[in-house]
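Colleague: Since chain W is already given, all that's left is putting chains G, A and H on it; use the hints.
Going down the list, the protein sequences come from chains W, G, A and H.
Everything in the first sequence is counted per numbering that gives the first Met the number 0, starting at 0 for the first residue and increasing by one.
Everything in the second sequence is counted per numbering that gives the first Met the number 0, starting at 0 for the first residue and increasing by one.
Everything in the third sequence is counted per numbering that gives the first Met the number 0, starting at 0 for the first residue and increasing by one.
Everything in the fourth sequence is counted per numbering that gives the first Met the number 0, starting at 0 for the first residue and increasing by one.
These are computed hints drawn from the structure, not numbers from a lab.
A few of these clues could be false.
DEER-style ranges, computed between Cβ atoms [stated by the list, open to error]:
hint	chain 1	residue 1	chain 2	residue 2	range
1	W	Val181	A	Leu118	34 to 44 Å
2	W	Lys143	H	Glu123	55 to 65 Å
3	W	Asp159	A	Lys212	52 to 62 Å
4	G	Ala204	H	Tyr76	44 to 54 Å
5	A	Gly200	W	Asp126	17 to 27 Å
6	G	Asp279	A	Asn283	21 to 31 Å
7	G	Asp30	W	Asp301	52 to 62 Å
8	H	Pro101	G	Pro164	52 to 62 Å
Restricting the straight-line Cα-Cα distance to at most 20 Å, the calculated cross-link-like pairs of lysine to aspartate or glutamate (DMTMM-like) are [unchecked claim]:
hint	chain 1	residue 1	chain 2	residue 2
9	A	Lys257	G	Glu105
10	G	Lys154	G	Asp119
11	A	Lys87	A	Glu119
12	H	Lys41	H	Asp24
13	H	Lys92	W	Glu290
14	H	Lys55	A	Glu256
15	A	Lys208	A	Glu338
16	A	Lys40	A	Asp19
17	H	Lys92	W	Glu310
18	G	Lys92	A	Asp35
19	W	Lys203	H	Asp139
20	W	Lys203	W	Glu189
21	W	Lys20	W	Glu46
22	H	Lys116	W	Glu315
If you want the footprint, here are the derived chain G segments under chain A, 3+ residues with CB under 8 Å [stated by the list, open to error]:
hint	stretch
23	63-76
24	172-185
25	188-198
Remember, predicted model here, so these are calculated numbers, not experimental data.
Note that CB positions come from ideal geometry on N, CA and C, so glycine has one too.
Each chain is listed here by its residues.
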Amino acid sequence: MDKILQDNLRKEVKALFEQKKVDLVIGYETGPTKFTTTPVLIKNSEEADRLVINDFITSNLAKMLVKIKGKAGIVAKGCDSRSIVSLIQDHKVKRENIVIIGVPCSGIIDVGKISRLIGKEPDEIDDITREKDAVLVTSGSEKKSLPLKEVLYEHCLACDLSTPAECDVLIGEPASPPLDKVASLAKINEMEKMTAEQRWQYWKEQMQRCTRCYACRNVCPVCYCERCFVEESEPQWINIAPNWQDNLIFQVIRSIHVAGRCTDCGNCERACPVGIPLRSLVRKMYDIVDEMFHYKAGTNKDDLPLMASYETREAEELIR
Amino acid sequence: MTTSSISERKKFFSQNNVYLPHVCVIEKVIDETPTVRTFHFKFKDERLQKEFTFESGQFGEYTVFGVGEATFCISSSPTRPDHLEVALQRVGKVTNAFHRLGVGAEIGFRGPYGNSFPIDSLKGKNLVFVGGGIGLAPLRSLIWNVIDNRDKYGKIDIVYGARSPADLCFKYDLEAWSKDNTVNMVTTIDRPAEGWNGRVGLVPAVLEQVAPSPDNAVAIVCGPPIMIRFTFPALAKLGFTPEQMITTLEKRMKCGIGKCGRCNIGPLFVCKDGPVFRYDQIKNFMPQEY
Amino acid sequence: MVKKIKQADIGKLLERWAKDYRIFVPSRDGEITRFDRWDGKDTGFLSIYRNTVVPAKSVFFPVKEEMFSYKKDSTGYQLKVPGPSMSKKLLFGIRPCDASALAMLDVAFKEGYEDPYYLEKRRDTVLVGMTCLRPYDSCFCTSLGGGPGESKNVDIMMTQVGDEYILEGITQKGEELLAGVEYFTDASEADISRLRSVKEGALKQITRKVNVKDITQRIYDVIENKEFWETSAIKCVSCGVCTFFCPTCYCFDISDEKEKGTGIRKRAWDSCQFPVYTKMPAENPREEKWRRVRQKVAHKYAYFPTLYGGTISCTGCGRCIRLCPVSWDITAVINSVPEKVTTESK
Amino acid sequence: MEQNSEWKPQILGFLCKWCSYAGADLAGTSRKKYPANMRIMKIPCSGRIAPLFILKALRMGFDGVLVSGCHPGDCHYQTGNYRARRRIALTKKFLEYIGIEPQRVQASWVSASEANKFAQVSEEVTKEVKEVGPNRLFSDNGQNITG
Numbered sequence: 000m001d002k003i004l005q006d007n008l009r010k011e012v013k014a015l016f017e018q019k020k021v022d023l024v025i026g027y028e029t030g031p032t033k034f035t036t037t038p039v040l041i042k043n044s045e046e047a048d049r050l051v052i053n054d055f056i057t058s059n060l061a062k063m064l065v066k067i068k069g070k071a072g073i074v075a076k077g078c079d080s081r082s083i084v085s086l087i088q089d090h091k092v093k094r095e096n097i098v099i100i101g102v103p104c105s106g107i108i109d110v111g112k113i114s115r116l117i118g119k120e121p122d123e124i125d126d127i128t129r130e131k132d133a134v135l136v137t138s139g140s141e142k143k144s145l146p147l148k149e150v151l152y153e154h155c156l157a158c159d160l161s162t163p164a165e166c167d168v169l170i171g172e173p174a175s176p177p178l179d180k181v182a183s184l185a186k187i188n189e190m191e192k193m194t195a196e197q198r199w200q201y202w203k204e205q206m207q208r209c210t211r212c213y214a215c216r217n218v219c220p221v222c223y224c225e226r227c228f229v230e231e232s233e234p235q236w237i238n239i240a241p242n243w244q245d246n247l248i249f250q251v252i253r254s255i256h257v258a259g260r261c262t263d264c265g266n267c268e269r270a271c272p273v274g275i276p277l278r279s280l281v282r283k284m285y286d287i288v289d290e291m292f293h294y295k296a297g298t299n300k301d302d303l304p305l306m307a308s309y310e311t312r313e314a315e316e317l318i319r
Numbered sequence: 000m001t002t003s004s005i006s007e008r009k010k011f012f013s014q015n016n017v018y019l020p021h022v023c024v025i026e027k028v029i030d031e032t033p034t035v036r037t038f039h040f041k042f043k044d045e046r047l048q049k050e051f052t053f054e055s056g057q058f059g060e061y062t063v064f065g066v067g068e069a070t071f072c073i074s075s076s077p078t079r080p081d082h083l084e085v086a087l088q089r090v091g092k093v094t095n096a097f098h099r100l101g102v103g104a105e106i107g108f109r110g111p112y113g114n115s116f117p118i119d120s121l122k123g124k125n126l127v128f129v130g131g132g133i134g135l136a137p138l139r140s141l142i143w144n145v146i147d148n149r150d151k152y153g154k155i156d157i158v159y160g161a162r163s164p165a166d167l168c169f170k171y172d173l174e175a176w177s178k179d180n181t182v183n184m185v186t187t188i189d190r191p192a193e194g195w196n197g198r199v200g201l202v203p204a205v206l207e208q209v210a211p212s213p214d215n216a217v218a219i220v221c222g223p224p225i226m227i228r229f230t231f232p233a234l235a236k237l238g239f240t241p242e243q244m245i246t247t248l249e250k251r252m253k254c255g256i257g258k259c260g261r262c263n264i265g266p267l268f269v270c271k272d273g274p275v276f277r278y279d280q281i282k283n284f285m286p287q288e289y
Numbered sequence: 000m001v002k003k004i005k006q007a008d009i010g011k012l013l014e015r016w017a018k019d020y021r022i023f024v025p026s027r028d029g030e031i032t033r034f035d036r037w038d039g040k041d042t043g044f045l046s047i048y049r050n051t052v053v054p055a056k057s058v059f060f061p062v063k064e065e066m067f068s069y070k071k072d073s074t075g076y077q078l079k080v081p082g083p084s085m086s087k088k089l090l091f092g093i094r095p096c097d098a099s100a101l102a103m104l105d106v107a108f109k110e111g112y113e114d115p116y117y118l119e120k121r122r123d124t125v126l127v128g129m130t131c132l133r134p135y136d137s138c139f140c141t142s143l144g145g146g147p148g149e150s151k152n153v154d155i156m157m158t159q160v161g162d163e164y165i166l167e168g169i170t171q172k173g174e175e176l177l178a179g180v181e182y183f184t185d186a187s188e189a190d191i192s193r194l195r196s197v198k199e200g201a202l203k204q205i206t207r208k209v210n211v212k213d214i215t216q217r218i219y220d221v222i223e224n225k226e227f228w229e230t231s232a233i234k235c236v237s238c239g240v241c242t243f244f245c246p247t248c249y250c251f252d253i254s255d256e257k258e259k260g261t262g263i264r265k266r267a268w269d270s271c272q273f274p275v276y277t278k279m280p281a282e283n284p285r286e287e288k289w290r291r292v293r294q295k296v297a298h299k300y301a302y303f304p305t306l307y308g309g310t311i312s313c314t315g316c317g318r319c320i321r322l323c324p325v326s327w328d329i330t331a332v333i334n335s336v337p338e339k340v341t342t343e344s345k
Numbered sequence: 000m001e002q003n004s005e006w007k008p009q010i011l012g013f014l015c016k017w018c019s020y021a022g023a024d025l026a027g028t029s030r031k032k033y034p035a036n037m038r039i040m041k042i043p044c045s046g047r048i049a050p051l052f053i054l055k056a057l058r059m060g061f062d063g064v065l066v067s068g069c070h071p072g073d074c075h076y077q078t079g080n081y082r083a084r085r086r087i088a089l090t091k092k093f094l095e096y097i098g099i100e101p102q103r104v105q106a107s108w109v110s111a112s113e114a115n116k117f118a119q120v121s122e123e124v125t126k127e128v129k130e131v132g133p134n135r136l137f138s139d140n141g142q143n144i145t146g
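Isolated chain W (complex conformation):
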């Protein structure tokens, strides 16, 4: 995403402070290592120059809204703005208390993918430049062009709501990542070709790595419960020491709990320090919700939340 966007954003944020429309602004600043950004809380117009917009604005900042006091501006990509809408639907955030600064998103670059494609870790890469349908990766004397579709996050490739619909200001023109639903859902489709036993075995193996650090849950903008079921002691639903069985139960229940609120923003999978393909769970849930109930999370702030509503006739084929 280009520099003009970033400049416009900074100008806009300064204006918001000067017009006293916000007490603070949640956005991104340059991260501590190469090709990263990190959430930042801007408290006045002078600090606005810390804000960045680039191809690495990964975090879903909606996460930070729930506990913020005062009138907050928030930089939001398409998926983030939908998460904000979900929070509004759940009465976790009041629409009038926030100023959504929409940033049209043309897809976020997954540096991990570039790493795997060129066999170098992010800090060994000197530069990543985005071109129209490709990225140019420079590492020492090596230069390599990689197709854009192969280096964007998989969830971006299925994102047809990349320009925030719910926002107060839109920075720049509507944009969209190159869409490729087949590539985006490749892992899920592959899984569905397996037998039930193979699928179970697959998840069993994945969950053996889980340490229950709860990064997936804690970065999820819609996982705002004060007390998660995994921390209940009476009854205690799952064992405290991690094991694949309870790890899997945790992930399954989390996937069901975020049904109708998850916007497939990819935060959970990105957060996982042991590389569990969590998006293959939550995205599947996203599709089940869409197929069964024709519901897309965070697209209408006046809708009742999915699980708080019903149609008198639906899903009867599953009931005796």
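Modeller: Quick look at chains G, A and H alone, frame taken from chain W:
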């Protein structure tokens, strides 16, 4: 506790493993309040029961088999070594399960851990015990300890309060101490209640009314955090210096031996540097965290 | 003693050592790397040229372990401790930062009451260190007395130089292991000077710095400064990544599990970043996020040094920076701790 | 072993107290013939069902789970069964995706008077669960973990 006493303790570890509890048997269960019960228990191994020693103020880790482990102070006095006592309030998974146990049931115990009330430095002093609710449990160990060696100590004042008459713990002790004319026993409840003819008022306020003299005195305080926080200023008003105030703190604990990490206040671990602290040791350190 | 060995002979060397030791090497596990039992054949792990994602502590302090089990029979409850793993271990390729972290865990688990589970696993372990030729941009070990080729906490220090590995015997144990293995040749003067330049090259790559001057006092000076800690904690999501994957973090939880009439007491990694970590029925001393972040930072840079002779329990491995889902940066926090208050009131 | 005709699947039935629970009771008192291998848990409304209950039952080793509530439109609390329906639908579909046989997660509407239907549902559910065999999903060593 000193290192030498730790090695001294080692003979009590099964297979040299400090985390292994010893199996104990519940001998008696006393209903203190609707939510507090006292359990009398003995080591199943008679040799251990004979050799086991502890000091007032120390705590143990108690296992309800099949449920888990939790931390409680030993509420009986080392001067009465026939059995051990623990009083606990039903508040969570382990304590609820504990309350379901009856006479003859087996529990696990490991300990004693932590430091203890500085009994030697209390000798010859006037003692002011200030307790609230279940906070009387650790004080009770010391009070009986002192009463059993009555001639070694000066005056004894006890100010103890609970929310209501029903919430008063160790009523049989309160009665015994009231009858003991070497002890000034003051019992209070927070709000007036039917059938209660005694004092009414919060512990810190009642303490100020009782107004024990700070001369050659030490105050030992234990109760809910909010009571402790208000009792220190009340004592200060009466002329007690921080060095004359002792408290015992409660924290979430798991290991009891300074390893698992959660009970610290700054660099102090409540499980091994405490649970007994003089107020001057902690007063400058993160008051909100104790 | 300085020896060298051809990369192709490493397999044979490990086979030899495997006669006396259980060998642990950096291994791939799905997307991540960790120390695991060597399979006895493959030396493909040598291609893992960076530090493992999971710190080496997991060999001695695993993510979960059984402490004991219990069962009730006609005479009451019987306890059973899992049998000790008597065999000696050799960690091949541990990085200097993780080795120095083990030295800290050794102290913490030994002090006062000994922790039998950790110490039993750790006993008689030989550490064969590996120089980090390509440290991460998040590494800052040089600010904390370490370095990519630092050898003070290992028995043997190994450095890849071209297609050879140069091994320096550091401790007596290390020297013994290096002696009498025919796959080694003595390192020449030229080898040693190549070794020196490789290590210098590695050292230069570490550019991240953290200001640890008077850090313990500086932390105590701001310990009650809520605003400072709130600012430091603002983006933290309170997950356990930084602590679980920290080579020096050793907090754990103890819990019981019931299966088929048997109870098992387990311990598992716990994190001071979780609100439930300190939660008591009526209140929680670290309910607020800034208190938890303060605990993490202050434990490493103030409390641990206070307790253990000034040792900062951070080795600068950079994992907390690399793995943090919101890129929280401990070096930025430490560097933002104000300078020591010179006009001391005390 | 799975073909062993002796093996009877263990099924946990979460039955709404306003309808299916009474229906099951009636099936019992009127001596309807149906498989007696269901452990019944009375719930105040099918809307009380949480996906976690279903997972936990399977984790404990039950071979199948049945959630049964009032027919659409008949909920004592007006909409509890509609809400349950969404939850059950998502759970069933999702569990199938991760590899849990859909036969193990069952739902029905049975009113207080439908003793016949309850017997029939029990029969069918038992048959289907029997077809997929003992639940060894959560065991480490392929053993049934009921205990």
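Colleague: Hint by hint, say whether it matches the structure.
Modeller: Hint by hint, here is what the structure shows:
1. In this structure the supplied range 34 to 44 Å is violated for W:Val181 paired with A:Leu118, their Cβ-Cβ distance being about 54 Å.
2. Taking 55 to 65 Å as the suggested C-beta distance range, the pair W:Lys143 and H:Glu123 conforms, at roughly 59 Å.
3. Distance hint check for W:Asp159 and A:Lys212: the Cβ-Cβ separation is about 54 Å, which falls inside the suggested range of 52 to 62 Å.
4. The hint said 44 to 54 Å for the Cβ distance between G:Ala204 and H:Tyr76, and at roughly 49 Å that hint holds.
5. A beta carbon spacing of about 23 Å between A:Gly200 and W:Asp126 agrees with the range 17 to 27 Å that was offered as a hint.
6. Checking the proposed 21 to 31 Å range against G:Asp279 and A:Asn283 shows it holds: the Cβ atoms sit about 26 Å from each other.
7. In this structure the hint that G:Asp30 and W:Asp301 lie 52 to 62 Å apart at CB holds, the actual value being about 56 Å.
8. Range check, H:Pro101 to G:Pro164: Cβ separation about 59 Å, and the 52 to 62 Å hint holds.
9. Annotation: proposed proximity of A:Lys257 to G:Glu105 holds, straight-line Cα distance about 17 Å (limit 20 Å).
10. Taken as a hint, the G:Lys154 and G:Asp119 pair is honoured in the structure, with Cα atoms around 16 Å apart against an allowance of 20 Å.
11. Distance restraint check for A:Lys87 and A:Glu119: the Cα-Cα separation of roughly 10 Å lies within the 20 Å cut-off, and the hinted pair is therefore satisfied.
12. A distance of roughly 11 Å separates the Cα atoms of H:Lys41 and H:Asp24; the hinted pair therefore holds under the 20 Å criterion.
13. For the given pair, H:Lys92 sits about 11 Å from W:Glu290 by alpha-carbon distance, which is consistent with the 20 Å threshold.
14. The hinted pair formed by H:Lys55 and A:Glu256 meets the criterion: a straight-line CA distance of about 15 Å does not exceed 20 Å.
15. Proposed proximity of A:Lys208 and A:Glu338 is supported: the alpha carbons are some 16 Å apart, at most 20 Å.
16. Simply put, A:Lys40 and A:Asp19 have alpha-carbon atoms about 16 Å apart, close enough for the 20 Å limit, and the pair holds.
17. For the suggested pair H:Lys92 and W:Glu310, the alpha carbons sit about 18 Å apart, so the restraint of at most 20 Å is met.
18. Only pairs whose Cα atoms come within 20 Å are accepted, and G:Lys92 paired with A:Asp35 is rejected, the gap being roughly 36 Å.
19. With a C-alpha separation of about 10 Å, the suggested pairing of W:Lys203 with H:Asp139 holds against the 20 Å cut-off.
20. A hinted pair counts as satisfied when its Cα atoms are at most 20 Å apart, and W:Lys203 with W:Glu189 qualifies at roughly 17 Å.
21. Annotation: proposed proximity of W:Lys20 to W:Glu46 holds, straight-line Cα distance about 16 Å (limit 20 Å).
22. Note on H:Lys116 and W:Glu315: the hinted pairing holds, with a Cα-Cα distance of about 16 Å set against a maximum of 20 Å.
23. Look at the stretch 63-76 of chain G against chain A: 5 of its residues bring a Cβ nearer than 8 Å to a Cβ of that chain, three or more, so the hint holds.
24. Three residues within the 8 Å Cβ limit are the bar, and the stretch 172-185 of chain G against chain A gives 0, so the coverage statement is violated.
25. Chain A is given as covering the stretch 188-198 of chain G, and this is violated because 0 residues of the stretch bring a CB closer than 8 Å to a CB of that chain, at least three being needed.
This entry does not satisfy hints 1, 18, 24 and 25, going by the numbered hints stated previously.
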